[in-house]
Structure formats: C-alpha cells, structure tokens
Amino acid sequence: MIKLNPCQHILLPTVKGLAKSCPFPLQKKIAMLFLVPVFEEARLDGDLDFLRDRRIGLAISDIDYQATLRLENGHLALAKSTASEAPTDAIIRGNLSAFIQLANRSEDPDSLFFQRRLCIEGDTDLALEVKNLIDAVDLDELPKWLKQTLSLTQLVDKQFA
Amino acid sequence: MELVCPAGSLPALKAAVDNGADAVYIGFKDDTNARHFSGLNFNDRKAQKALDYARDRGAKIFVAINTYAQPKGWARWQRAVDLAAELSVDAVIIADLGLLNYAAQRYPQLPLHLSVQGSCTSAEGLKFYHSELGIRRAVLPRVLSLDQVKMVAEQSPVDLEVFGFGSLCIMAEGRCHLSSYVTDQSPNNSGVCSPAKDVRWTQTEEHLESRLNNVVIDRYQAEETAGYPTLCKGRFAVEETIFHALEEPVSLNTLDLIPDLYAAGIKAIKLEGRQRSPAYVAQVVSVWRSALDSFANNPEKFSSKAEWMQRLAKVSEGSQTTLGAYHRPWQ
Amino acid sequence: MKISVGPIYYYWPKQKVLDFYQQIIQTPVDVIYLGETVCAKRRELRSGDWLELAQELCDSGKQIVLSTLTLIESRADIATLKKLCAQSPCLVEANDMSAVQILTDNNLPFVAGPAINIYNAQTLQLLYKKGMQRWVMPVEINRENLAEIMQGAVEMGFGNNIETEVFSYGKLPLAYSARCFTARTKNLAKDGCKLSCILYPDGLALYSQSVYNKSVYNKSDYNKSGCSQGPQLFTLNGIQTQSGQCYNLLDQWPLMHKIGVDIMRISPETEGTVNVINQLSNYFSGEPIDSPLTLIAEEQCNGYWYGMPGMDAVTG
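Residue numbers (our numbering), protein chains in the order written: chain A, 1 to 161; chain B, 1 to 331; chain C, 1 to 316.
Quick caveat, the hints were computed from the structure, so don't treat them as lab data.
A couple of the hints might just be wrong.
To be verified - Computed cross-link-like contacts, DSS-like style, restricted to lysine-lysine with a CA-CA straight-line distance of at most 30 Å:
(1) 83/C <-> 150/B
(2) 150/B <-> 194/C
(3) 16/C <-> 186/C
(4) 130/C <-> 14/C
(5) 49/B <-> 147/A
(6) 147/A <-> 29/B
(7) 150/B <-> 41/C
(8) 80/A <-> 29/A
(9) 144/A <-> 150/B
(10) 197/B <-> 80/A
(11) 72/B <-> 130/C
(12) 144/A <-> 197/B
(13) 130/C <-> 194/C
(14) 147/A <-> 60/B
(15) 41/C <-> 72/B
(16) 29/A <-> 144/A
(17) 72/B <-> 147/A
(18) 72/B <-> 129/C
(19) 14/C <-> 150/B
(20) 82/C <-> 150/B
(21) 147/A <-> 314/B
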C-alpha cells in the first residue's frame, strides 16, 4: 500500500470527489480539451490508426470510474462506459494515483505493472500500443497552455510520489 | 566508459540525452530491430529529429538493425541499413552475417557494431567478425563471468560493450527459440520475445494469471510482484515442484562492478529497455551517469550508493536485481 | 535423400555412447555426427575419446562428422575446440562462430550446425565462401522461407555446391544458457552440479502449472487451435532447453526432396532411434508404413515447419 502524506489526504479525496460529482458531458469536454492537442502529432503520423474499430476501457478502481477510449472522426475520444455496451477489447485498471503518475510520466508504467498497481485485461497488444502511444507524445511540441497545465499536474503528483 | 542508453520513442531519447547518455540506441519502426513492439520506435522523420536532438547536445546515435533478415524481407533490412547510412548515424548494431556483409561492402565508412543477438562470446569469434566484416565493437551476451569477460577483452580485436542494467536474458541471446516454440515469433525471426498478441492476463479469486498462447506462464498471489510473461521467467512444474525452473523475474544490475569492468578494458556499458517509458529511461540513466562520474572522479574510493540501488530496484522487474552471470552460483 | 543422426545432446555413460554408435552403424543411416555440443563439464568422453571414436567409425562406410560445443565460455573451451578442429579425422560441424574462425584459419571445410544463425541466402553465401559445405537449418525456420533461401542460393550461383540438412525428428534444441537448469532443479550451484544430468538420459521434463495441476487443466481450453498439444512444455538438459515434444517432419520427405533438401536429421534418444532410421529408410524406398506422426508413442509437434508455433501439431 502507498502511504499518503498530509497533502494527499486533502488532494486525493478532492480529485476523487470532482471526478465523481462532475457530470460526464463536462468530463468529456475537459478530456477532449487535453486529448486532441496531446495526440495531434500522433494522429498526423497515422499512429492512432490502430484504434480504428477498437475500444479500450480505463477503469479507475478506487473512485469506481470507467470510461472507454476510442476514435471519433480520427481523434481520440473518451466515452462514458455503459452497462449495456459490449465489453471493450482491453481494459487498463488501476487506482487514481497510478493513472495520474502514468499520465504525467512521473512513474514508469511497467514498474507500476510489476508492483501490481496497474493491470491489463483483454487484448494485451492493444493496451501495450496505447501505453507506447502515451510514451511517444513529445511534450515539447505541445501548446504552451497545455504544457503549463501538465507541469501543474506534476506538482500535484509530487504529492503522490 | 561510454554510457549507451535505450530509447523507444523521441521523449525517451530526450530523457536519455538530458540525463547524461553518451550514446542512445534506437530502432526503426519495423521488424528489423529486436524490440519490434506495437507503437514503439522511430520512423524516418522521428529518427532525423532524434539525431538532431542528440547531435546538438554532443550525444551519439546508434541504430539497432539486430534481427535476422528473413528471406522475403531482405530488401527491408537493406533499406534500414541504407536509411541509417543516409542519416550518417554514429554506428549501426547488426547481428545478421549477411546484413553485416552488405553494410560493410556498401558503406565502408559506416561503423558496425556486432549486436548481442550475434551471440559472440569469444575472441576467436570476434576475429571472424573483425577480419571478414570490419566490425569496430561487439556487445557481449550476458552469459560470461567477470573472469571470462576479462579473457575475451584481453584478446579481442575490437572494443567491447557489456550490459549494465535491465531485464535479464538468461539464455544466450540470439540462441533462444523458446518464444517461437510457444507462439510463432522469436527475437531472431520477428524481433519480439513473448509477443503481446499472445499474452493474456486474468485476475481470478485466487491469483493473477499470465498465459502465453494459452500456456500458463505464472500465477501471482496478491502480495507478489509481477513480471513480464517471458517463458524463461515463469513458474513451471519439474519433478513435482512448481518453481521458477529457469530464472526468477529479476533485472541485471552491475553497478557494483564498474571498477572491474573498467579494469577489464570494457569500453562501453549498455542499459537495456527500449520498450520502457521515458520515466524509466530518465531514472536509470541518471543513476548510471552519477555512478560513472563518481568512479571517474575518484576510482579508488568508488562504491555504489544505497540511494542508487534503491532507485534502480524500483524500476526493476520483480523489484529485484542480480549480478547475473557475474554471480558465482551461475558458474 | 540421405539420413543423418545428430550429436547426442544428453549426458550418457561412456559405454552407452559406444554401444549406441555400434548399433547406429548397422542401420541405413548415411551421416553420423558425434561430439559434446552442450556442456564442457561433461567428462564421460573427453575430446581425445571423441577423436578416437570418430577415427574408429570412419571405417564403417558412413560419413562421420565431429560436432563442436555450442556455447563457448572459457579459454579451456577454445583450447578443446582448437584441438578437435586440428586433429579431426573427418569433417567438423561448427556450432559457434569461434569454430568457424578456427576452421577457416586452418583452411578446413565445415558444416554450419543448427545453432549458427543462417536466416537468408546472403549469410549462406558468406559462409560458403569461407568453406562451408553444408548447413543445418535453424530449427525455427518454416518450409516457405527454407525454399526461398535455397532458391536464392541457386540464383546467386552457389546453391548447387552446398548441402542442406533439416532437423527432422527428435526433441528440438531451443536455447542455451549460462545457467544449468538440471543443477538448479537439484538445488545445486553450477560449479557443484555433480554432473547430475547423467541421471536424465532423455532430459528432465518441465510442465506448465495448469497441465501439472490436473484439477485446473482443461484440455479444450488449452488446445484453442484444435491442435493436439502434449502436456510437456520443455525438456531441461543441463544448460540446454529442448522442446517438450518430439518434432517430427518425417512425412514431409517428399516436399523436402522437391525443394532440394539433401539430408534429414534424426536426433538421438535412449529408445527408438534405430527404429526411426529404419522406418524412414523404408519410407524412402516406397514401403508403406504406419502414420508417420505416430511412429513412436509420444506427443509430437511440427508447427515450425508450417510457420506456426513450434509446439503445434499440424495435420495434412
């Protein structure tokens, strides 16, 4: 188990609370705001093509959150998972802290996986490709506002480290 | 000693260079390199960017074209060599005899390194690659003890590079078909070991289970750390006991041996992990940079710091490290 | 088509080895490989004994080939290698590039063994120019690629000057390691291994957990492709890892003949090797035999040949 420091005691429930109470359409808008520019270079290189007709689930266990990542008009998009939809091709599962560390690159995903803080179910190759897609994003190429936001999350993340 | 670091993506390359790599090795985006994983590696444009970034900061770029050229794809392997030559990279790392010959004939100025996949463990073997193909450096397989490395180094006609850190192949590299026996792909024929397409993870009530093409590789209890589902690190039944019959999931770490490797005349240390993230590359390269600098500044007083070892253990498979073949029980 | 017997991969007592070859020379085999190819620590037959045996068998009317060690680790290994290459009364099978170097240094012809990585005609050409007379295809290569390599060699003008041999029957040599897995099973360090591999004249069986634990093992689940996959995954033989199942390409004889394969290799086991040679020889001469995939009551595989996982058994 990860020990929480005092700052995390405040932050983690806040982030969890936000994720839970924030209505999904708004979550989706916020997600798109980040996803589109972050993966623009990958899209232009054709590196998103592998996701065509594939769906990958992201399951954040400790806040009971599940979303589906897929392509919409060639762009990465996040959709709310519903009980009625078919199972996704792969699921990446973990706690919120692991996802935050994954997203801002402060922790190596394989290490998270060795430590059992992240797990993969279903099509391992697809999940691996998503992992490599995230790893390959060149932060230097991102718009300035986005870089600043990301460095802010790294500050937040330092509290999780 | 030169620090040779892995990069499977441009951000990983930047992490390597920024943290003190002397050279970074990369692969092209196809089966010509031994980390042919989905979403990994460099297309032409990214390779050029990588080269520019490294050159501007005084680091070298090596290109690994280290799988065996399949008869139907010979032109693809040729093109990979052509592209590396066009980019005028600092060296290409090749295992295939035919491809080494092509590179040597076509681009006499292009420095050639013999890949670890070439499985060369003796000075006699190295003489062949040196006199016939003009290689300048060879990467030694992770099967030799320190004394054996010293003996090879004493008589080697070329510079030697050894692995310093990373996931451990316990089989002689280039001489392992375990992966293709269970799946259809191996490092030699496809540039992958335990291809992800055949890997399935299942969480049951009792354990987390990994399977490769339906063959159970391991079952982990709740408190156990997981490993890559490679055949050499699974738990199997031999004589009615289930155990790591070949090897435990551990990483090689030779930080303690820096003075010995230097004394043996080793010219370069290679870090494994082109499939790993930029975060891994940054962490591992910075530890090794600090260690090599500390050794260079005061060789007599060198000892590895607990903090370095902890940082390396954190990113290790099985969270454990080993001296591998340098360790006595292997001999 | 000729038949060969490959080197004995296991550690057998000296008398058993000598008896084995006395039996083999009575069979219709054409080529006999002998020598220690797995572990330099084995002592039942030392290099002098192998040279002597090779010399004796030279009069048997069979072609005798001396096989060399695959994983070279020490100067002592190199010294043995140099002695074998210099004193061999017959052709030498090089199983490592150090042997290729020593043989070419002495202007001697050689056979490139299955552990020399030859995956294309370009590599074949380079070795041909250095004196290679025959190559044994790396075991994981499939029939299409083999045909392509051989066709390429012919187009490059040397294909008809070399012989091609295919590992066709026996447990496949899959990997070589610095570690000794037999010693590990016995909980012994490698330098105190007590040469325990002599206890396993056909190797030590390794099973997958699910297969071993019969309550969990579900045959229909395991055989997803509908192929019959035997339960034994690998065979441990000292520092060598072999396939768990017996590779069997005997029924592929007509296709091999068509694409120009010259020799089919049979790998020695304690039982049945003579039988397999006799049956294959009968097969060549057109005598009907039982279904070749059930020559010996043992789980068998042939996947590599078809470009499938090596452990698969493909029918038809």
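Now for the hints, and whether the structure bears them out:
no.: 1; hint: 83/C <-> 150/B; verdict: holds, 23 Å
no.: 2; hint: 150/B <-> 194/C; verdict: holds, 27 Å
no.: 3; hint: 16/C <-> 186/C; verdict: holds, 24 Å
no.: 4; hint: 130/C <-> 14/C; verdict: violated, 35 Å
no.: 5; hint: 49/B <-> 147/A; verdict: holds, 20 Å
no.: 6; hint: 147/A <-> 29/B; verdict: holds, 27 Å
no.: 7; hint: 150/B <-> 41/C; verdict: holds, 21 Å
no.: 8; hint: 80/A <-> 29/A; verdict: holds, 12 Å
no.: 9; hint: 144/A <-> 150/B; verdict: violated, 52 Å
no.: 10; hint: 197/B <-> 80/A; verdict: holds, 27 Å
no.: 11; hint: 72/B <-> 130/C; verdict: holds, 25 Å
no.: 12; hint: 144/A <-> 197/B; verdict: violated, 37 Å
no.: 13; hint: 130/C <-> 194/C; verdict: violated, 40 Å
no.: 14; hint: 147/A <-> 60/B; verdict: holds, 28 Å
no.: 15; hint: 41/C <-> 72/B; verdict: violated, 41 Å
no.: 16; hint: 29/A <-> 144/A; verdict: holds, 19 Å
no.: 17; hint: 72/B <-> 147/A; verdict: violated, 45 Å
no.: 18; hint: 72/B <-> 129/C; verdict: holds, 23 Å
no.: 19; hint: 14/C <-> 150/B; verdict: violated, 35 Å
no.: 20; hint: 82/C <-> 150/B; verdict: holds, 20 Å
no.: 21; hint: 147/A <-> 314/B; verdict: holds, 27 Å
Of the hints listed earlier, those the structure fails to meet are numbers 4, 9, 12, 13, 15, 17, 19, in rising order.
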